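Asker: Given chain S, put chains D, H and Z in place with the hints provided.
Protein chains: 4
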Amino acid sequence: MDAERADTALDRWEQRAELPLFYASLVFLAAYSVRILAHGVDRVWREIALAMMLLMWLVFLTDFVVRLRLSGRRLHRFLRTHWLDALVLLLPLLRPLRLVKLYTTLQRRRDQPVLSLYARVIVYAGLGAVLLGWAGALAVYHTERTAPGATILTFGDAVWWVCETLTTVGYGDVTPVTAWGRIIAVGLMICGLALLGAVTGSFSSWLIQVFTREDERRPPEDRRPPGASS
Amino acid sequence: MDAERADTALDRWEQRAELPLFYASLVFLAAYSVRILAHGVDRVWREIALAMMLLMWLVFLTDFVVRLRLSGRRLHRFLRTHWLDALVLLLPLLRPLRLVKLYTTLQRRRDQPVLSLYARVIVYAGLGAVLLGWAGALAVYHTERTAPGATILTFGDAVWWVCETLTTVGYGDVTPVTAWGRIIAVGLMICGLALLGAVTGSFSSWLIQVFTREDERRPPEDRRPPGASS
Amino acid sequence: MDAERADTALDRWEQRAELPLFYASLVFLAAYSVRILAHGVDRVWREIALAMMLLMWLVFLTDFVVRLRLSGRRLHRFLRTHWLDALVLLLPLLRPLRLVKLYTTLQRRRDQPVLSLYARVIVYAGLGAVLLGWAGALAVYHTERTAPGATILTFGDAVWWVCETLTTVGYGDVTPVTAWGRIIAVGLMICGLALLGAVTGSFSSWLIQVFTREDERRPPEDRRPPGASS
Amino acid sequence: MDAERADTALDRWEQRAELPLFYASLVFLAAYSVRILAHGVDRVWREIALAMMLLMWLVFLTDFVVRLRLSGRRLHRFLRTHWLDALVLLLPLLRPLRLVKLYTTLQRRRDQPVLSLYARVIVYAGLGAVLLGWAGALAVYHTERTAPGATILTFGDAVWWVCETLTTVGYGDVTPVTAWGRIIAVGLMICGLALLGAVTGSFSSWLIQVFTREDERRPPEDRRPPGASS
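Chains as they are written, first to last, in our numbering: chain S, 2 to 231; chain D, 2 to 231; chain H, 2 to 231; chain Z, 2 to 231.
Hint data in this document are derived by calculation from the structure and do not stem from the laboratory.
Predicted model only: the values in this text are computed from it and were never measured.
Keep in mind that the hints are not guaranteed to be accurate.
[To be verified] To give an idea of the chain H side of the interface with chain Z (calculated C-beta under 7 angstroms), a few residues:
#1 D43
#2 W161
#3 G171
#4 Y172
#5 F212
Using N, Cα and C, we set each Cβ at its ideal position, and we do this for glycine too.
Next up, chain S with everything else stripped away, as it sits in the complex (with noise of 0.2 angstroms):
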């Protein structure tokens, strides 16, 4: 734990690269929705947003081993304390992960309160689902929308069934019928379940905490430690 002191040359480019990286990360996201849905356009538009992508994915690189040098630290021992921002590093998509730790920072050096320790878990599992699913939605989508059989028709058949995957309902009324659609479609599976098992776990665990803090709250002669009457 020694070895994690703040970094003062990390910790200013860190600060000032944070929004321009926000907004790339946007710009990626788009992009890589344009490329997918514009498939009835002009052919013109795929190819810039594939440039686009390539770019943003150019700046998250120099970004990243920016940091890895002004770390001063080797990559091995890097990657155990930065495995977040390696893991954004290839898969952009998640990248607007990073839209929290922006809030975070921002209330922080306003000197406002920040979210509580679930609050966060919640809203950064369930923001990163989200963003799973939607990555998950365009990747099935490209490859489902012209297999023989397929029930994917549409982007917004393809919405639906990742909703109803990630959440594990799963009717079977629109299923992917390729291999390559499937392979997604589990990929989704187990990251779906493990992001969303955070969620619930975590909203259960602060639900307990909000009613802890509901007993705490009476007064002492009217108090009776939880649990203790049934």
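Answerer: Using the frame of chain S, we list chains D, H and Z on its own:
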């Protein structure tokens, strides 16, 4: 925490308004059900139901404004501690949740023991799931009933669909086919997952508590710490 | 808690009644199964089964009343500490749950170690889920067998349906189509969710406990606090 | 607990047998896969695979007996502390689980940090789910492939079915129709639920741990206790 001292005026208002507001919420729920389910009968009943809903919502709004004023705080800070009241104002169908608070208040006034922590979470979250499910069944029934190719044809189908959705079983024998039906379904899945996760999580914690207490009830010479022997 | 001292007379009754009541519960379960499954054979067997069920239920009622009297408490207070007994009286199919208590009693009498806390929760909740599922399969099979358009046609189908329902997988290849079948299904889903949630939650806690203990078993110079290195 | 002192002879055996046993388990898994999947090729390969499976199982049995002897305990007490070894003997497909132990042993020998508690539970339970799923896919494929009316026709279908079953999504586009296929499915559902419950539970706990640590890393003048502000 020091800002949360009981304001006397606010407390008095809350105690007096408790029962009337509870009856108002029952009227609201009944009016909404009449509005959706009574599509075969005279149109005038549905208009009366709509009028009742608006009236009851005005009652809830008045109560919210009065309490905001009595608290002497600004909206931003008031919302932080009274998030449940604001939620109930937006989704008045959740209003009967206050039934549990009413029970707690009554029990405490009579100096009788209240439910344990986990039991209250289970009752709150479970009742929330029931009300959410009822409202969802009404809304989906209203949307799907006349859609071409729909499988949700009766209100019984809608209730059955809500049950298999909230528990994430999802047989898929009845599913929404319209865009609005699916949007309602997604909202239902997400809220239902969180609420039922809280219910099962609390049930599990409560069961472990019961077993731990059983261990502690044994005579000391016979007692072993939990988990000491496996 | 001070009211819960062991009453000697009650204790003696419970120790003596344990084994006979356990056999009675097995007879009850068998009689119920015979009543539902033996629809092809002579009618007289089903009548005998019904008679056995009533007789066994009277035995359970007698035991409950005797224990209520021996405890010297009023019904209200007795229920608070003996909720499991009352539940078992209403749903006698859950009776074999006492098997675990029997095992605990026997192990303790022989001065042998009992199962750990989580193991007992898993066994209790898991056994409860099995019994609930068995009873649910019988009831749904009875309701659906002769319904028009039914997909649950054999008892094997009913058991398969119960398994996919309790685990919330819900393929939808066999589903109840009658109103009563669906009502039983909803009851099964809710109870099953809670019980299996308790099983998986306890399994998870137990696994973490096992791993924590493994950490503690290491020689001290080699030990690191759990989680210190990620 | 005092009976669990490290036996030197047993320790030495375990250290020496670790790597050979790991390779043996890989051979076993490969042989089982060959036996099931190679139904189109020459019969002799499947006989060789069966022979390899029996041979490897004898290796596992020998290891178990040697360790039982070296421990100097009776079978009953040995099982209590080595339950994982006994389970692995009965279900040799779970053998590669020891891979994690191997990693832990190697890391500790090199004085490098091991994975945190939650990470190890996730890896163990996740790897167990993968192996269980692989074995289940093989077994169900073997059973269903030639059944009339089957929907699981290729090994790819079987793997897809296992994924949607273990995550409890259950679309129902492919389902087992034979009695044996359904029995394997039920076993898979129950074990899968428990293992994936452990994975998502640990992931959730680990995420909360990560966020808590992030709170603690802030400079003290800026730090607020988690949850203080909601």
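Asker: Each hint: holds or not?
Answerer: Checked hints:
1. Here the hint on H/D43 is broken, as its CB sits about 28 angstroms from the closest CB of chain Z, past 7 angstroms.
2. A distance limit of 7 angstroms between C-beta atoms decides the matter here; for H/W161 the minimum to chain Z is near 5 angstroms, and the interface restraint holds.
3. For H/G171, the suggested interface contact is upheld, since its CB lies about 5 angstroms from the closest CB of chain Z, less than 7 angstroms.
4. Taking 7 angstroms as the C-beta contact cut-off toward chain Z, the hint placing H/Y172 at the interface holds, the least distance being around 4 angstroms.
5. Nearest Cβ of chain Z to the Cβ of H/F212: about 6 angstroms, under the 7 angstroms cut. The hint holds.
In summary, the one numbered hint that this structure violates is 1.
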